[in-house]
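K.L.:
One-letter residues, chain by chain:
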Amino acid sequence: AQSVSQHNHHVILSEAASLELGCNYSYGGTVNLFWYVQYPGQHLQLLLKYFSGDPLVKGIKGFEAEFIKSKFSFNLRKPSVQWSDTAEYFCAVNAASNSGYALNFGKGTSLLVTP
Amino acid sequence: DSGVTQTPKHLITATGQRVTLRCSPRSGDLSVYWYQQSLDQGLQFLIQYYNGEERAKGNILERFSAQQFPDLHSELNLSSLELGDSALYFCASSVTSRFEETQYFGPGTRLLVL
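Chains X and B supply the protein sequences, listed in that same order. Read left to right, the first sequence gives residues 156 to 270 (my numbering). Read left to right, the second sequence gives residues 701 to 814 (my numbering).
Treat the hints loosely; a few may be bogus.
Stated by the list, open to error - Chain B is faced by these chain X residues, among others (derived, beta-carbon under 8 Å):
hint, residue
1, 173
2, 187
3, 260
Claimed, not checked - A short list of chain X residues far from chain B (calculated; beta carbon distances all over 12 Å):
hint, residue
4, 167
5, 179
6, 197
7, 201
8, 237
9, 258
Unchecked claim - Listed next, the stretches of chain B that the computed footprint assigns to chain X, with coverage defined by at least 3 CB atoms under 8 Å from CB atoms of chain X:
hint, stretch
10, 769-782
11, 792-802
FYI, nobody ran anything at the bench for these hints, they're computed from the structure. Backbone N, C-alpha and C fix where the C-beta goes; we use that ideal spot for every residue, glycine too.
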């Protein structure tokens with residue numbers, strides 16, 4: 156079955172620590188990949204996206220992600236987190252084989268950054 | 701602010717009732733998607749409309765329906781509400797319905813069914 160898996164449900168880091176959130180998907184064929192962030196009480200905001208080209212994608216607020224096709228992965232990274240990065244992070248995929256190209260989301264990772 | 705608006709922000713109702721959630725897409729966007737976010741199911745796609753016509757269906761219950769009007773705003777109708785329908789309902793919009801497009805999300809409507 157088609158799915159998106161985020162390995163870590165809850166992550167707690169100290170400020171300035173490095174972050175890596177895992178995302179794997181099980182779709183065949185061509186996919187687009189996204190990371191969205193949901194700050195407390197706010198709507199989903201796009202962090203970054205991969206459509207094609209350079210598999211290392213840079214997004215807003217110092218985030219980046221690497222698409223590794225052979226591993227069906229799209230992990231999110233940030234070298235040094237800040238308290239303001241505390242939020243829920245969602246990996247999402249849409250597949251060329253799906254009509255309408257709706258997003259399929261992982262369960263999310265809740266990140267807490269402590270001062 | 702994504703430019704997508706949703707009303708109301710919060711809705712409290714009773715089981716068996718019917719409610720309507722409203723979404724206005726970003727200016728110029730023709731496509732509207734509805735998603736449900738619940739603690740147990742996570743974020744799930746419900747339905748998509750493109751320029752007034754239904755384009756794709758996801759895990760939408762028969763008690764739920766939607767439409768997109770000529771001014772491109774969309775409404776999600778939820779009827780015969782059950783406790784399990786309590787969730788955050790998001791709408792998202794995109795310019796068209798092509799594969800390589802970004803969806804922009806609204807602030808959501810939080811529905812509580814008592």
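K.L.:
Against each hint, give a clear statement of whether it holds in the structure.
P.N.:
Consistency of the hints with the structure:
For residue 173 (chain X), the interface hint is violated, since its Cβ never comes within 8 Å of a Cβ in chain B; the closest pair sits about 26 Å apart. For the restraint placing residue 187 (chain X) at the interface with chain B, the shortest Cβ-Cβ distance is roughly 6 Å, inside the 8 Å limit, so the hint holds. For residue 260 (chain X), the interface hint holds, the least distance from its beta-carbon to any beta-carbon of chain B being 4 Å, beneath 8 Å. Remark: the non-interface label on residue 167 (chain X) is consistent with the geometry, its nearest Cβ contact in chain B lying 20 Å away (cut-off 12 Å).
The Cβ of residue 179 (chain X) sits about 15 Å from the closest Cβ of chain B, beyond the 12 Å cut-off, so the non-interface label holds. The Cβ of residue 197 (chain X) does not lie farther than 12 Å from every Cβ of chain B; its closest approach is about 7 Å, which violates its non-interface assignment. Not every Cβ of chain B is farther than 12 Å from the Cβ of residue 201 (chain X); the closest lies at roughly 6 Å, contradicting the non-interface assignment. Non-interface call for residue 237 (chain X) relative to chain B: holds, since the shortest CB-CB distance, roughly 22 Å, exceeds 12 Å.
With a least CB separation of 6 Å from chain B, residue 258 (chain X) falls inside the 12 Å interface cut-off, contrary to its annotation. Given as covered by chain X, the stretch 769-782 of chain B fails the check, having 0 residues with a CB less than 8 Å from a CB of that chain where 3 are the minimum. Coverage of the stretch 792-802 of chain B by chain X holds [criterion: at least 3 residues with CB-CB distance below 8 Å; count 7].
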